[in-house]
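There are 2 protein chains.
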Amino acid sequence: MEHNLQHTVSLLARTPAALNALLRDLPETWTSRNEGEKTWSAFDVVGHLIYAERANWMPRAKMVLEFGETRAFESFDRWGHVRESQGKSLAQLLDEFARVRAENLTELRGLNLRPEDLARRGRHPAVGVVTLSELLATWAAHDLTHLHQISRIMAYQYREAVGPWSKFLGVLQCAGHSSP
Amino acid sequence: MEHNLQHTVSLLARTPAALNALLRDLPETWTSRNEGEKTWSAFDVVGHLIYAERANWMPRAKMVLEFGETRAFESFDRWGHVRESQGKSLAQLLDEFARVRAENLTELRGLNLRPEDLARRGRHPAVGVVTLSELLATWAAHDLTHLHQISRIMAYQYREAVGPWSKFLGVLQCAGHSSP
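Chains as they are written, first to last, in the working numbering: chain L, 1 to 180; chain S, 1 to 180.
Check before you lean on any hint, since a few could be wrong.
The list makes no distinction among identical chains, and a pair is therefore deemed to hold if it is satisfied within one copy or across any two copies.
Derived DMTMM-like pairs: lysine to aspartate or glutamate, alpha-carbon spacing no greater than 20 Å straight-line [said to hold, decoys possible]: (1) K167 - E66; (2) K167 - E103; (3) K167 - E2; (4) K167 - D77; (5) K167 - E107; (6) K88 - D117; (7) K88 - E74; (8) K62 - E103; (9) K38 - E84; (10) K62 - D95; (11) K62 - E116; (12) K88 - E69; (13) K167 - D117; (14) K38 - E107; (15) K62 - E28; (16) K167 - E84; (17) K38 - D95.
Bear in mind the hints are in silico, worked out from the structure with no lab data behind them.
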């Protein structure tokens, strides 16, 4: 399946509502617990998604269009959300994620990207040359990697409660490769 | 985290809306493709969740209360959803899942289970003695294992589109342990 910008936008537009439906007003034992030291809770993941909206996807897309390969993207701080999430409720974070995602998609649509724009190349500080198409596909896949992670974090809270069924529950065998 | 019936019900009540927000009206390339031969698409997973509402959770809970350990549960057919999903749209399946889940939660609440009921024991045909508490915790964790799986199935469709970012996306490293 090749990258299709409309399919990417369709998915990106749905993630905030999906997380809202799953997480809002859930008991905190589901949303504030993590998988152990230096791991994230569902609350942390939503904070990270907001931070990436501000610091990662659209800023990098605009850098590709403006500077091409001549300037590497800023490094992304995987713990950058911690300070910004402090003192906020999960409900506030869910509202904020919906708002910044909607703003970014409005801006993305406003770029009216053509196929030749999607083929333009930028420079990632670690992986080297990437295309705008790859960056936008990664934005969508990044949503999915964190939905995958949230499912695993939450299931982890019931790892003992499920008793002998644990061996049948694939999510409990997941080695944590989407964390953080 | 011990099993808490209210927490379990809170999660079970949200899954249909979360899947609806994520999947309804998405382009079919996201929802009808799988991870290869004998694997499931997101459409198949929703069908499986419906089938489990009918054939697994509440029927087994009632068997524990009625027969205890004296009668083993019916085996669950992991491919039982295929015939029942045929000819239906994903929108129909999402509606059906919301309806059967709501009916089952109404029935579950109506049982007014007390702690001593949750400790009652039944017999699983493969794993042996299980408690009602473990069965109900597994119902919730089963939702999470399939949300984990759906995220992975969908990300798989972009495994090439993301280019060199694939190594950073944990969901693309997931070995398929939640399938089916």
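Looking back at the hints listed earlier, which ones does the structure fail to meet?
-> Per hint list: 1, 2, 5, 6, 7, 10, 12, 13, 14, 15, 16, 17 violated.
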